[in-house]
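Please work from the sequences and hints to get the whole structure.
Just so you know, the sequences run in chain order A and B.
In our numbering, each residue carries its 1-based index in the first sequence increased by 7.
In our numbering, each residue carries its 1-based index in the second sequence increased by 1064.
All clues stand as given, with none of them false.
Where chain A lies over chain B, by a calculated footprint (3+ residues, C-beta under 8 Å):
#1 1141–1152
#2 1218–1230
Just the calculated beta-carbon pair ranges, DEER-fashion:
#3 A:A42 with B:A1212: 38 to 46 Å
#4 A:R100 with B:A1212: 28 to 36 Å
#5 A:P28 with B:L1198: 31 to 39 Å
#6 A:E30 with B:F1195: 31 to 39 Å
#7 B:S1391 with A:D44: 49 to 57 Å
#8 A:L133 with B:D1248: 39 to 47 Å
#9 A:L133 with B:E1361: 45 to 53 Å
#10 A:E30 with B:N1078: 37 to 45 Å
#11 B:E1122 with A:A34: 15 to 23 Å
#12 B:T1185 with A:E30: 25 to 33 Å
#13 A:T16 with B:Q1368: 53 to 61 Å
#14 B:E1301 with A:A34: 27 to 35 Å
Which chain A residues stay away from chain B? Per the calculated CB distances, all over 10 Å, these:
#15 A34
#16 R35
#17 L39
#18 C47
#19 L83
#20 E87
#21 H99
#22 P115
#23 A118
#24 A119
#25 R120
Keep in mind that the hints were calculated from the coordinates and are not lab data.
Note that the structure is predicted; figures quoted are calculated from it, not measured.
Note that the Cβ used here is the ideal one computed from N, Cα and C, for glycine as well.
Okay, here's what each chain looks like letter by letter:
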Amino acid sequence: MKQTPSRRTPAERQRVLALTPRERLEARWAELALAADYRCVRGPETGMAMVRGRMGGTGNAFNLGEMTLSRASVALDDDEAMGHGWVAGRDHRHAELIALVDACAQRPDWAARIDVELIDPLAASLAEGREAASRTAAATRVDFFTLVRGE
Amino acid sequence: MYVAVKGGEQAIANAHRWLADRRRGERDRPELSVDQIAGQLNLAVDRVMAEASLYDPELAALALKQASGDLVEAVFLLRAYRTTLPRLAETVPVDTDAMRVERRISATYKDIPGGQVLGPTYDYTHRLLDFMQLAEGETPEPARAEQALEACPQILELLDDEGLVEREVDDGAAPYDITRDPPDFPVDRATRLQMLARGDEGYLLALGYSTQRGYGRNHPFAGEIRIGAVEVEIVVEEREAPVCLGEITLSECQMINQFGGSREAAPQFTRGYGLAFGRNERKGMAMALVDRALRAEELGEPVQGPAQQAEFVLAHADSVEASGFVSHLKLPHYVDFQSELELLRRLRRDHVARHESAPSAPAETPAEEPQA
Chain A
8 MKQTPSRRTP AERQRVLALT PRERLEARWA ELALAADYRC VRGPETGMAM
58 VRGRMGGTGN AFNLGEMTLS RASVALDDDE AMGHGWVAGR DHRHAELIAL
108 VDACAQRPDW AARIDVELID PLAASLAEGR EAASRTAAAT RVDFFTLVRG
158 E
Chain B
1065 MYVAVKGGEQ AIANAHRWLA DRRRGERDRP ELSVDQIAGQ LNLAVDRVMA
1115 EASLYDPELA ALALKQASGD LVEAVFLLRA YRTTLPRLAE TVPVDTDAMR
1165 VERRISATYK DIPGGQVLGP TYDYTHRLLD FMQLAEGETP EPARAEQALE
1215 ACPQILELLD DEGLVEREVD DGAAPYDITR DPPDFPVDRA TRLQMLARGD
1265 EGYLLALGYS TQRGYGRNHP FAGEIRIGAV EVEIVVEERE APVCLGEITL
1315 SECQMINQFG GSREAAPQFT RGYGLAFGRN ERKGMAMALV DRALRAEELG
1365 EPVQGPAQQA EFVLAHADSV EASGFVSHLK LPHYVDFQSE LELLRRLRRD
1415 HVARHESAPS APAETPAEEP QA
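The structure is reproduced here in structure tokens:
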């Protein structure tokens, strides 16, 4: 099999997977049918992250409040590759899946498939959802008809 | 002598059982699900998250269900749950400039890059009860424009090339965290913002309103209000770059207020800032008003209104603390009250004794003030 270099960084995969609803990730991951036996070496566990804001949006940081956060680390049984996952909320399975994908993506032969068959389509549906939301917002944009336009 | 009194276990158990029944309502009606609360009472959910200071819509909806819709009780439940979780990380400060806005308006500049975007607002509704809501009707899908929104940059950063508005610049200071160390007055602005962000909306609204009515007047304009989703990132050992956890919805208010300035600095508009979890526009606006009012001392303004008095404002803003201390009055105070009764009886005996001997003698020293 020809080895395609991995096009996405672990942080990029993490981002797409964390922004994807868990059910969609689970379904897509199952379609890949990568047989990876693994065990959890940390978690999955839930805790909190302190969310920080900035005064005026650009100034000094301040503590806004906390959010729930789950994380997991897994190791593949075959080659002991470690994977890590973090996700907002309390869904342990979601964190575990992200960690599992991260571990599997360390195998060059799997990385390309993961990027092309999992991350790319999920990134596309994410972008699609965001586009739709943005168009919904755009429909509420005010058109000032008293505005003088052109010359 | 102190005698401990026990009792009431059965009464308490039965009271809670009755409460559960009351919460459930009529058994022939469908039970409300946490999903429905999160989906259809989402503004209540957002308020609970903001004031509990914990972003988790499902838990906030659960708290609302458990509290039968009592917002202050729900805030208390979620705040209490918060104490059971470990702190795993601090986030990179959220970049509200990169927010995926669903609403973004300015009351100070009409023509702004990205435009005035109303979003799903109650503004401009007529506040007439909609009796259609009593019937189960179809709700149409929202309208969609052909094109997505253009970029909506932060207006105050963009449209002020004359330097008329105070700039907010990061000097890298690490923020104080009231969840780790209790606030020690006087407190800095980062601490004030953290306390205001979890403050009771009604309380902050009243204080913000008071500044508009003249108690610490600072003439505000809503420079920009934006609501939408921001991505949240944390720094972890396992990665070089920060990792994205997901998105949260925030409401941000940039208030522009009347001038500060000194012999050295030219007059400038000053600013107040509000940021809140969820769709919490009123809270964000109230927070920005109170934030600005609390900057009075820093900006060399006379402290005249209640909203400008930091310790008073901040020490009473938290509904969990406030309702806790008020509610504790319901707990048995039988012994305290007994001692007050004893004291009062003694004072009255002394009073009678003084009056019986009074007609000839001049007034003696007044009775001592009762000690609490």
